[in-house]
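**Student:** In the working numbering, each residue's number is its place in the sequence shown (first place is 1) plus 4.
These are computed hints drawn from the structure, not numbers from a lab.
If you're wondering where the values come from, they're calculated on a predicted model, not measured in any experiment.
Any given hint might turn out to be false.
As the list claims (entries may be wrong) - Have a look at the derived ranges for each label pair, beta carbon to beta carbon:
no., residue 1, residue 2, range
1, Leu70, Arg125, 32 to 40 Å
2, Pro32, Thr54, 32 to 40 Å
3, Ser145, Lys52, 39 to 47 Å
4, Thr108, Lys22, 46 to 54 Å
5, Lys91, Glu67, 15 to 23 Å
6, Leu158, Pro86, 39 to 47 Å
Using N, Cα and C, we set each Cβ at its ideal position, and we do this for glycine too.
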Amino acid sequence: MFFLYNLSYAQDKLSTSKGEILFEASVPFFEAVEAKNENVHGVLNTRKSTIEFVVYIKDFHFERSLMEEHFNKNYLESKKYPKATFKGIIEKFDLKNSTANPKTHQIRGKIYIHGKSKNIRVNALIKKLPKNGIELISKFSVNTDDFNIKIPFLISNKISRTVNIKVNCILE
Numbered sequence: 005m006f007f008l009y010n011l012s013y014a015q016d017k018l019s020t021s022k023g024e025i026l027f028e029a030s031v032p033f034f035e036a037v038e039a040k041n042e043n044v045h046g047v048l049n050t051r052k053s054t055i056e057f058v059v060y061i062k063d064f065h066f067e068r069s070l071m072e073e074h075f076n077k078n079y080l081e082s083k084k085y086p087k088a089t090f091k092g093i094i095e096k097f098d099l100k101n102s103t104a105n106p107k108t109h110q111i112r113g114k115i116y117i118h119g120k121s122k123n124i125r126v127n128a129l130i131k132k133l134p135k136n137g138i139e140l141i142s143k144f145s146v147n148t149d150d151f152n153i154k155i156p157f158l159i160s161n162k163i164s165r166t167v168n169i170k171v172n173c174i175l176e
């Protein structure tokens, strides 16, 4: 009976360890500031409509290694703050009512970056996949000042304080 209970409980959770986050903080006429992380960990509790993500800062990769080094050492301080997290709830979400046609849902929760947290509300497109999973895509922006991320004055005109983020993951 214990085995059957655990089996049914496990079906209430969908997860991934291969989600993707892209971020971009570019300023026109200067070099692109963008990175990708393809090791995003996420768990969706389909019964409670709660969702959690964990992102390891060192897993962000830039086209230029020097930019990646500065990102980890000077801006996000990945040794001191090795991960960013998000915990939230998908409003009006019910897996049984999900279809292959993407539907926009609001997700509200708390994002934690660089030792600071902030409540956010974002839109996400969610669609059901053929093999009992879902795809979640969200685009939103955060401000570096909200997370006490310091951009030195000498390069402050080359990096945007508004960081555009795109999350794309398949939870199964």
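**Student:** Decide, hint by hint, whether the structure agrees.
**Tutor:** Okay, the hints, checked on the actual structure:
The supplied range of 32 to 40 Å is met by Leu70 and Arg125, whose beta-carbon atoms lie about 35 Å from each other. A hinted range of 32 to 40 Å holds for the C-beta pair Pro32 and Thr54, which are about 39 Å apart. The hinted range of 39 to 47 Å is not satisfied by Ser145 and Lys52, whose Cβ atoms lie roughly 27 Å apart. The beta-carbon spacing between Thr108 and Lys22, approximately 24 Å, falls outside the hinted interval of 46 to 54 Å.
At about 31 Å, the CB distance of Lys91 to Glu67 disagrees with the hint of 15 to 23 Å. With their beta carbons about 27 Å apart, Leu158 and Pro86 fall outside the hinted range of 39 to 47 Å.
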